[in-house]
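There are 2 protein chains.
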Amino acid sequence: MTATVAELIARHRPTLDAALGAIRSRGYYSRFPENAKAYPAEAKDRAQAAFEARHGATWSLGQTGADGTTVGAEVSPYGFELGFSYEHVDPDVLIPAMQAAIPAWRDAGAEARAAVCIEILCRLNARSFEVAYTAMHTTGQAFMMAFQAAGPNAQDRGLEAVAYGYSALNAHPDKVLWEKPTGRGEPTRLAKKWIAAPRGVALVVGCNTFPTWNGYPGLFASLVTGNAALVKPHPCAVAPLALTVETAREVLGEAGFSPDLVALAPEAKDEGLAKTLALRPEVKIIDFTGSNEFGDWLEANARQAQVYTEKAGINTVIVDSFRDDEYPAALGHLAFSLSLYTAQMCTTPQNILVPRGGIQVGDERKSPEEFAADLAGAVEKLLGDDARATAILGAVVNPFILDRLDRAAGVGKTVLASRAVTHPDFPDAAIRTPLIAAVDAVDADIYTHEWFGPISFIITTDSTQDSIDIYRESVKAHGALTAAVYADSEAVIRAVEEATWEAGANLSINLVGPIYVNQSAAFSDYHGTGANPAANATYADHAFVAGRFRFIQSRRPA
Amino acid sequence: MTATVAELIARHRPTLDAALGAIRSRGYYSRFPENAKAYPAEAKDRAQAAFEARHGATWSLGQTGADGTTVGAEVSPYGFELGFSYEHVDPDVLIPAMQAAIPAWRDAGAEARAAVCIEILCRLNARSFEVAYTAMHTTGQAFMMAFQAAGPNAQDRGLEAVAYGYSALNAHPDKVLWEKPTGRGEPTRLAKKWIAAPRGVALVVGCNTFPTWNGYPGLFASLVTGNAALVKPHPCAVAPLALTVETAREVLGEAGFSPDLVALAPEAKDEGLAKTLALRPEVKIIDFTGSNEFGDWLEANARQAQVYTEKAGINTVIVDSFRDDEYPAALGHLAFSLSLYTAQMCTTPQNILVPRGGIQVGDERKSPEEFAADLAGAVEKLLGDDARATAILGAVVNPFILDRLDRAAGVGKTVLASRAVTHPDFPDAAIRTPLIAAVDAVDADIYTHEWFGPISFIITTDSTQDSIDIYRESVKAHGALTAAVYADSEAVIRAVEEATWEAGANLSINLVGPIYVNQSAAFSDYHGTGANPAANATYADHAFVAGRFRFIQSRRPA
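The listed protein sequences correspond, in order, to chains A and B.
Residue numbering for the first sequence follows this note's numbering, starting at 9 and increasing by one per position.
Residue numbering for the second sequence follows this note's numbering, starting at 9 and increasing by one per position.
Be aware that one or more of the hints could be misleading.
[As the list claims (entries may be wrong)] Derived coverage of chain B by chain A (criterion: at least 3 residues anywhere in the stretch with Cβ under 8 Å from a Cβ of chain A; other residues may be distant): (1) 26-34; (2) 175-188; (3) 306-316; (4) 330-340; (5) 509-515; (6) 534-542; (7) 548-562.
[What the hints assert, rightly or not] DSBU-like mimics (lysine-lysine), calculated; alpha carbons at most 35 Å apart, straight line: (8) K484(A) - K188(B); (9) K45(A) - K201(B); (10) K484(A) - K201(B); (11) K188(B) - K45(A).
These are calculated hints, taken from the structure and not from any lab test.
The beta-carbon is built from N, C-alpha and C at its ideal position, and this holds for glycine as well.
From just these sequences and the hints, can you work out the full model?
Below you can see the structure in the form of structure tokens.
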């Protein structure tokens, strides 16, 4: 497998060029197929065996600064202890080694770094089934979702970040002969050159639910721009990122770079390592996905670093009217959006705004109560079969979700109660169907914060215009990653779009097909906008990469 | 003069394209000639008359929110009161009007906004002599420097920001048909569109010494990306920005936009308006040039805004060796750098590092004392004639500089004392030549902060390597906008460059010609790097513009 940097460049230049084309068009592009059938059939069994073989073993990465202790207490949401342990590292030893590795990585240049990054992504792609098992049993996603989201979809997001970084690094040539006319003979000539200087050590703070999908954009954006990356995984979802770091270190070492350019910092129980690392002076970039509380803390306190955050919001659906023939499909579609991965996605709708006077469905008028009953029925139909339900829902990722469900049962009028589902293979898994509660628009204290998990509200408003106003103002104040509207009226759609430009959420209109409001596709859909409190960044655009390095100039007479 | 937006686009598209080409190459480009002879001869006299006619008058801009009071107490550094007054505005009235103007400006699109911005710059260019008088008598620059720096050079910097903004806005098309293959017949099709949503109101906090040159990059970057811009001038340098805002409002109105998209907020004495405005929730972008103290305060406190700062640093020169034939020219060159505009530039060298063992000049060895005497002699020679001296020095901008000079006279060993110079036309102007003091490298408490004004230190170090180490570490800790090295050794130059990539200053090597370390040319030289404490941004690059708007998406089945 060993290849020189030149060979890696030759191998991956076509991928880089295709990705550069895709970020220019934002049309459909995917480098890593999400269809499991595109992968060798035997790989799945091998991956399962590898996953099981890790039980009781220490996952050694050969990192500088391993301090001789091990940590790790991951428990599968499917009801068993993973039994993985990881070498704990001493940041005072590891971080200087990471810093020392940077100049050679910087001097290798953008094309070499992009090729190494793409090689890492390709190796991760070949391990997608392994990734899937580690993701399933840390996030609680159903197997196929874990495969797609943590594997190829995350890899595509990583490649997208590589393309943006490479594009930004190549904003202009690295040298130029500057000739200023003097008007009297010879021009003044200066030879100018620039280096794209990386910031330093980049910290990636992983989340529990999408450790790779939310982790790769920042990781690869920082790497391709010449930084070293220190990955601090969520203590409940270490394995997918350990596998990632292991692969990256392997590729870096083979290509002649220090493996310490990418490192894993798993934490001991109650160590609070993210806070400690986030405030270190060497840490110049932080990518974080998770709670508002910690994201806001990072933004306020890690002042020595560029901080990119993806936090929580109140994703909103405005329901106005349907074409008669689309109503059943739209209900089924919405039901799926509310159910997928037990709504443990930062993109799942929460607030469904319905006017008090009802909605138009073809020639018929439906009251908010009728719409609520129809939606509840669609969820019940979707999840009526336990085996099918588990494949959509996956498992509840942590007990906080169960507590929240209990609390939600006492809020407003329960339209659809949550029920427990038993998994055929994992009887100890906590699996729950969504709860839907009806509330009134005046109950803003209920619905203007995030109820992370399978909890949504049908909110009765005074009118569609009132819905739009509530949408705009609540999202401006509290953030949202996604929004949706169902309206058989271009005037309503235009009004919702206008509110969206202010609210700064990514809007889906009248979706009924196989793409859901929860889903954002690499290279085309932005994830987050950076324009409301839910996130200060997006996956991915130039703003996401431009601050990760700086052009420094040297000039002299020519 | 009135032109439709379509006419402005047609008129200015060639300029926009040339500017877009220039930011791709970072080679020589200038749209606005800095040679005064390129402008109508009679314009200068007209401008002087206009300047004098403003004495005792109120400069009315017709702004929404004028509260009926006037402010203004500018005093020329050349020794007389300007007698200009300005309408004070009520932010509670003005800012909502600015916000209300944004959607139409946003919807006009990038090309229209770029054309309007370029029209503003061209109108400012036509008023360059007017700009020059206002700049001379607020900043203290000599007339020709005020003309060039506040006029065409600043206009070029503004155009550069327009080009970067336009480029970022056009990172991809505003709509695409996204077709995802399904493998079984028809692909999934979504029609996707994006809007580049501006942040909101951008605050430009002007400085005393370069109100337009340092103000235009942020002003035009914010405008072209769809924001409204509120200019809060330094109370001692209102006029150049009043003229700027006046021109912008005129063009905006003629093109059919609200003039309130650009507004001036002059402050009453001790009003502390910058702080008040900086914390308003509508203010989403802040561009600031000035003290570390207020810049750091903005970064820490104006958390609702993107904050771009240019602050202070310790610009450093490493002296190692000279080619024999270049020594006199280099001394004269350095002397000019230390004298231009009384060293009241954020790019003027302060710390000159010379090894204890001396420097090589051709075949000769010169001790630090000899080098200091040679440099002092070069300054004396340059400024020996009072008329010539005033054309280089301009006037002292404020009494703090004089206090600092007094203090500097007691620091280290004075190698060259400052002397007062009398201006032939302005006998009340405070004009001072540079002071040079010799100190030892151990006296870091003296030279590791900025002594803004005509004060520099010749610092004796243990060796050139020691000089490089001091350079790297002091600039990393305290910042610098520029650095220079004189060395007749490629090995030394390489070592200084390597330190520079870490220190993050823009480096000039062996300069002897008509371009000085203090000078940075729009479209080629970056001003600031954002890589050390002297600035968190640069004029201009993609990082400077990318955060001033956000892409927001809308998608629907196609």
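Outcome of the hint check:
1. 26-34: With 4 residues closer than 8 Å to chain A, the region 26-34 of chain B meets the three-residue bar; holds.
2. 175-188: holds (count 9)
3. 306-316: holds (count 3)
4. 330-340: With 0 residues close enough to chain A, the hint is violated.
5. 509-515: holds (count 6)
6. 534-542: It holds, with 4 qualifying residues against the three required.
7. 548-562: Check passed, 10 qualifying residues.
8. K484(A) - K188(B): Given that 35 Å is the threshold and the Cα spacing comes to 32 Å, the pair holds.
9. K45(A) - K201(B): holds, 32 Å
10. K484(A) - K201(B): Measuring from Cα to Cα gives roughly 21 Å; hence the hint holds.
11. K188(B) - K45(A): holds, 17 Å
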